[in-house]
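Dock chain B against the given chain A, drawing on the hints supplied.
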Amino acid sequence: MTNSLPNQQQTEAQLQRTVEQLQLALSALDGFIYDYDMNTNHVERSEGLTRLLGYERETIPTAAEWWSSLTHPDDLAVFQLASSLGQAANDSYSYEYRVRHQDGQYIYVWDRAILIRDSSGNPMRLIGTTINITERKQAEERQRYLTNVSKILADSIEYETRLTDVARLTLTSMADWCVINMINDADQIYTAALAHRDPEKEQLLRELCDQYPINRAEADGTALVLRTGESQWYPIITDAMLQTERMDAHELALWKAIGYHSLMIVPLIWQSRVIGTCTMMLSGARRSYSLDDLGLVELVARRITIAIENARLYKAERIARAAAEQAAARAAFINETGGMLSTSLDYTERLNNLVHFTVPRFCDICVVFLCTADGSISRAAAAHADKEKETWLVQLQKLDPIDPQGPHPAADVIRTGQTSINPDVSASLGQILAMQMGVSSMAPKLIPRDQVIVPLVARQHVIGAIAFGMDASNREFSPEDIATAEILASRAALMIDNARLYQNQQEAVNVRDAFLLIASHELKTPLTAVLGQAQLLQQRFERSNTSTERDLRAIRVIVEQSHRLNKLISTLLDVSRLSQGQLQIIREPVNLNQLIQRVVGDFQPLLVQHTIAYQELDQQLLVNGDVVRLEQVLQNLLQNALKYSPQGGTISVTLESRGAQALITVSDKGIGIPKEAIPSLFQRFYRVHSGATQHMSGIGVGLYVVREIVTLHDGNIFVESTEGQGSSFMVALPLIQAEASAE
Amino acid sequence: MTPDILVIDDDPAILMTVADILRDEGYAVRTAAGGMEGLAAIDDHRPALILLDMRMPVLDGWGVARALRDRGVTVPLVVMTAAQDMRWGQEIGAAHTLAKPFDLLDLLTVVEQIVAR
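Chains as they are written, first to last, in the numbering used here: chain A, 1 to 743; chain B, 1 to 117.
Take these hints with a grain of salt, some might be off.
For lysine to any residue, the following SDA-like pairs were computed, each having C-alpha atoms within a straight-line distance of at most 25 Å [said to hold, decoys possible]:
id, chain 1, residue 1, chain 2, residue 2
1, A, Lys567, B, Leu105
2, A, Lys256, A, Arg216
3, A, Lys567, B, Val110
4, A, Lys567, B, Ile114
5, A, Lys387, A, Ala472
6, A, Lys445, A, Pro404
7, A, Lys567, B, Ala99
8, A, Lys567, B, Asp44
9, A, Lys445, A, Val462
10, A, Lys567, B, Arg55
11, A, Lys201, A, Ser272
12, A, Lys567, B, Asp11
13, A, Lys567, B, Val75
14, A, Lys567, B, His96
15, A, Lys567, B, Leu98
16, A, Lys151, A, Glu140
17, A, Lys567, B, Asp103
18, A, Lys567, B, Leu15
19, A, Lys567, B, Val73
20, A, Lys567, A, Ala519
21, A, Lys256, A, Arg312
Partner residues aside, some chain B positions facing chain A, computed with beta carbon under 10 Å [what the hints assert, rightly or not]:
id, residue
22, Asp20
23, Arg66
24, Phe102
If you are wondering where the hints come from, they were derived from the structure by calculation, not from laboratory data. The beta carbon of each residue, even a glycine, is placed where N, CA and C say it ideally should be.
Chain A with its partners taken away, still in its complex shape (with noise of 0.2 Å):
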């Protein structure tokens, strides 16, 4: 051992030497050493204590422990290190942890230390260094402070909820309490997020933000920021400057309780506007804020602002874009109604379909009323989301017509003609349908929850009204519903309208065609006996011989105005069922060249003025047609040849093969057609005005029904004509066999 003793010596004054040199280089930082005797528990602090944590060197205890005691709790894992000093390989030490400053405070230091052993390897001394980097803790927080603000702010869609959470980050570094105010559109000033570090205070600051609103005439604080854009900070707040302020005691109290100390107030500004404030106090005295904290917070002031602009932004974007989806889909809704309105010519059946197609997608209620002949109210067609309430529903269908003057809300609508939102029923359709149905516990669960009735109107007059309820869905009608609610109104209305004057037409067409059908039977019956009489008279004449020539000409006049009657009869009959595709073509091959002869043939024992020259075809021309139907084609347009060239003349027919077609022409040299007219030439009921043809007869169908027929066959007409000069109708019918009628 006493070899030892001149080396311990040695040590100590090496150490002594070491411990001078560290004094001496710490004397520049803030902070101490320490030599700790690990046999005697004893440690030696350096002057720099007192200036690092405030205690004086002379009043602490020398125990090791006492250190243990100023560490933060959640620190003192460091130390459960420490004391596996004995297994550490090497032996030398980095920590940094916080301590509890006299007055409380935390401050966070770097203790470096090193272990000196005894000779047999033993730890029997360290010696360290304590420094406080509190400072640098500090700014390396400001940074995590705003990288985690970032973090919180680049997931901010709900912005007002993150607002919250920034706040609360305040907390940990920057602030005891903190405080973010916004504008609302309306100008009003909002409290949006606020923190406190102690969670009763929190409901106290809340308080305070709740009664004692900014007043924007204030001279100072949040009022003066909003007002100049400009940051406001306030190092110390005393307690002057809170009693300066005209408060009362109970807003006083509240920020004695809350803790004020020293202040920063940042505007959040967004393009040259200042849309809130950011507020941070400390409320400790040993921290106040500095320029630094200031520029930190003005960052993050920005960092915020454009969180909740972007934030603004997409929420604007997302309704907007919801709005046009909505928009979209009540389009889709409302083409999709318009589409089936118009796929069926039964109206009870479309409206049916509509009510259908309405409940569930727009509201689980939907009932047509409609206005009928004798003044009253029926229901025309009901759905409803509750297939039992629905069938209830179809039930009232059959029961007695609603009165119009009586307290329905349907009738309401209907005689006001304007749209009913949401009308008390409860009482008023209670009672209706309870009478009208008989069974009163069914009554009150057909009421709708929430109705919109719309008066349906076609040509200004209401014809009835369509209700929309909802039920079970509880959801309600909201403006763009009660718009598109009464887009399917007008539509409804007009599909209805629509349905009903077609079915009056048709109604009229049925009448027409009934008529013409008895008319031309009824007809034709007495003709047939007077045609039938005359001949008979005509023959006895002929047999006897005992008549005069002015006799036989009034019976042939008798014979031959029977004859034309008989033709005008068959052409009206022929004008009705071709309006309603009735004609029927019977097809059998049919050899044009001698259809022509023959019909050439019958036109000429009646000609007079006129010569009809046909140039017989060495080919046989077959088409697929209506023999009867196709010398009706020919009369007419031989007919017409005739009238319309009143000086006589030659009429020509030709047929030719023209291709895969036959094409048969009537010629005539007469008066022609003018111009403007050829158009409409082959229209119903058409007839040309001309000086040439006002005194001409007819009755303007010949050629609608020769044109019907042609295209009956497949065929066309046309036609060329030369005012004054004369006509040519050309039709063109499909040949059934080129070839073999080429042989």
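Positioned in the frame of chain A, the structure of chain B alone reads:
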């Protein structure tokens, strides 16, 4: 033997006209103002030919044709109709269809052809 022709039509003017035309040519003609009367006339004596109107009250042309078929009576039928539908005659298996109003010569030609068989 003079052929017996039965004319069935609910219109008395047509009955008279057709009967007169045929009688002038030497036919023996009976008339019936409706389907029921027509059937009764057949029961008495079977005609060589029936000229039949289609649209008649009570028993129409189709009914008469059906009744004849049911009774196994095979008498040639000539349909006289004001409708322009020639298929009616085909429907009841008529020998010919005359569209009202018909020509005297057409009537006589058709009757002559059928009775001559």
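These are the hints, each one checked on the structure:
Between Lys567 of chain A and Leu105 of chain B the alpha-carbon distance is near 18 Å, which keeps this suggested pair within the 25 Å criterion. Among the hinted pairs, Lys256 of chain A with Arg216 of chain A is consistent with the structure: their alpha-carbon atoms are about 23 Å apart, no more than 25 Å. Proposed proximity of Lys567 of chain A and Val110 of chain B is supported: the alpha carbons are some 22 Å apart, at most 25 Å. Restraint check for Lys567 of chain A and Ile114 of chain B: not satisfied, since their Cα atoms lie roughly 28 Å apart, outside the 25 Å limit.
A hinted pair counts as satisfied when its Cα atoms are at most 25 Å apart, and Lys387 of chain A with Ala472 of chain A qualifies at roughly 12 Å. Of the pairs offered as hints, the one joining Lys445 of chain A and Pro404 of chain A holds, with about 23 Å between alpha carbons and a cut-off of 25 Å not exceeded. Distance check on the hinted pair: Lys567 of chain A and Ala99 of chain B sit about 12 Å apart at the alpha-carbon level, within 25 Å; holds. Between Lys567 of chain A and Asp44 of chain B the CA atoms are separated by roughly 40 Å; this puts the pair beyond 25 Å, and the hint is violated.
About 29 Å separates the Cα atoms of Lys445 of chain A and Val462 of chain A, which puts this hinted pair outside 25 Å; it is violated. Restraint check: the Cα-Cα separation between Lys567 of chain A and Arg55 of chain B comes to about 21 Å, which is no more than 25 Å; the hinted pair holds. Restraint check: the Cα-Cα separation between Lys201 of chain A and Ser272 of chain A comes to about 35 Å, which exceeds 25 Å; the hinted pair is violated. Between Lys567 of chain A and Asp11 of chain B, the direct Cα distance comes to roughly 21 Å. Compliance with the 25 Å bound is thereby established for this hinted pair.
The straight-line distance between the Cα atoms of Lys567 of chain A and Val75 of chain B is roughly 32 Å, outside the 25 Å bound, and the hint therefore fails. At roughly 21 Å between alpha-carbon atoms, Lys567 of chain A and His96 of chain B fall within 25 Å of each other, so this suggested pair holds. For a cut-off of 25 Å, the pair hint linking Lys567 of chain A to Leu98 of chain B stands: about 15 Å separates their Cα positions. A C-alpha spacing of about 16 Å is found between Lys151 of chain A and Glu140 of chain A, which places the hinted pair at or below 25 Å, so the restraint holds.
Taking the CA atoms of Lys567 of chain A and Asp103 of chain B, the gap is about 13 Å. The hint holds against a cut of 25 Å. With a C-alpha separation of about 23 Å, the suggested pair Lys567 of chain A and Leu15 of chain B falls inside the 25 Å cut-off, and the hint holds. Only pairs whose Cα atoms come within 25 Å are accepted, and Lys567 of chain A paired with Val73 of chain B is rejected, the gap being roughly 37 Å. As the CA atoms of Lys567 of chain A and Ala519 of chain A are separated by approximately 14 Å, the hinted pair is consistent with the 25 Å bound.
Of the pairs offered as hints, the one joining Lys256 of chain A and Arg312 of chain A is violated, with about 36 Å between alpha carbons and a cut-off of 25 Å exceeded. Taking 10 Å as the C-beta contact cut-off toward chain A, the hint placing Asp20 of chain B at the interface holds, the least distance being around 6 Å. Interface restraint check: Arg66 of chain B against chain A, minimum CB-CB distance 22 Å, threshold 10 Å, status violated. A hinted interface residue such as Phe102 of chain B counts as satisfied when its beta carbon comes closer than 10 Å to some beta carbon of chain A; here the least separation is about 7 Å, so the hint holds.
Checked against the numbered hints given earlier, this structure breaks hints 4, 8, 9, 11, 13, 19, 21, 23; the rest are met.
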